[in-house]
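**Q** Sequence:
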Amino acid sequence: MMKEKRGIVNQQNAGLFLFVASLLAFIGPHSRMYVVMRYIRLCIISLLATLPLAVHASPQPLEQIKLSESQLSGRVGMIEMDLASGRTLTAWRADERFPMMSTFKVVLCGAVLARVDAGDEQLERKIHYRQQDLVDYSPVSEKHLADGMTVGELCAAAITMSDNSAANLLLATVGGPAGLTAFLRQIGDNVTRLDRWETELNEALPGDARDTTTPASMAATLRKLLTSQRLSARSQRQLLQWMVDDRVAGPLIRSVLPAGWFIADKTGAGERGARGIVALLGPNNKAERIVVIYLRDTPASMAERNQQIAGIGAALIEHWQR
1 MMKEKRGIVN QQNAGLFLFV ASLLAFIGPH SRMYVVMRYI RLCIISLLAT LPLAVHASPQ
61 PLEQIKLSES QLSGRVGMIE MDLASGRTLT AWRADERFPM MSTFKVVLCG AVLARVDAGD
121 EQLERKIHYR QQDLVDYSPV SEKHLADGMT VGELCAAAIT MSDNSAANLL LATVGGPAGL
181 TAFLRQIGDN VTRLDRWETE LNEALPGDAR DTTTPASMAA TLRKLLTSQR LSARSQRQLL
241 QWMVDDRVAG PLIRSVLPAG WFIADKTGAG ERGARGIVAL LGPNNKAERI VVIYLRDTPA
301 SMAERNQQIA GIGAALIEHW QR
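So in UniProt numbering, spot 217 of the sequence shown is number 217, and the numbers just go up one at a time.
Where hints are given, some of them may not hold.
[Claimed, not checked] Straight-line Cα separation of at most 30 Å, DSS-like style, residue types lysine-lysine; simulated pairs:
1. Lys-126 - Lys-224
2. Lys-66 - Lys-286
3. Lys-224 - Lys-286
4. Lys-143 - Lys-126
Hints were generated in silico from the structure; no laboratory data involved.
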């Protein structure tokens, strides 16, 4: 539609030019200057008429991110990556460190699935635990003290409900924070690091590199887990399904997702204004892009942080649809 409109305007300008050229041959010099200035003015108006979307559209993604940083009085890190090619489409502070918070649970379950693929673990294996193993926010695991939970059930609880005790129980199976960091190095992520357990890893101290990643590194790692041979096809489908089933991400990108769009995500929240989401999304119920958004060092409330992430997501989606 835009190309057609520009073609029509170009034809109109060509006709206008011929008319003005003919007119100039019959009038004096002062009148010629007036006619030329009127012609230039009409051409400018015609050109602007072809750009209504650029003039009236909502903020572009990077403009929205800058606005969010201003409104949050904090820092935003973001990357939008093509899932198939790994090409970066949009980025802001993509190589700066941000606290992972609970977004690390996707990588954790990826490490668990890698052990399953290697024959060192089974999703059906039952793990028993005690009251002293529970930490704050364990909505699923606290209900199964008597009967325990399988490794698969713990992964589902860690991702879909962000259950912290489930994450710690799984973390123990991969060698703790050091073991998960070693797994990251094995798959080529030399940036992301986990140093502590839940819930201490959410401290988010300014300048502290512990338990951090960068948007670019997290997106690349998620892409490896879901598209490369690091995991079997079956394990890739399982990891993605756990993210599809996320039940605690409603106020973020899911709140602005158009009908018929696909989303699979994992959120995180920490101290000192830390908030984040890793997501796969795309139209026609197909995962096409990875989006990672992290916030830190903001005094904003949880509701305000959620709203800003949703706003960035909305800007990305609107820009995508053009």
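**Q** What's the verdict on Lys-66 and Lys-286, does the C-alpha distance respect the 30 Å limit or exceed it?
**A** holds, 29 Å
**Q** Taking 30 Å as the top limit, are the C-alpha atoms of Lys-126 and Lys-224 close enough?
**A** Distance ~28 Å between Lys-126 and Lys-224 Cα, so the pair holds.
**Q** Measure nothing beyond the straight line between the CA atoms of Lys-224 and Lys-286; if it is 30 Å or shorter, mark the hint as holding.
**A** Measuring from Cα to Cα gives roughly 18 Å; hence the hint holds.
**Q** Starting from Lys-143, check that the Cα of Lys-126 is at most 30 Å away, please.
**A** holds, 15 Å
In the structure shown, no violation is registered for any of the earlier numbered hints.
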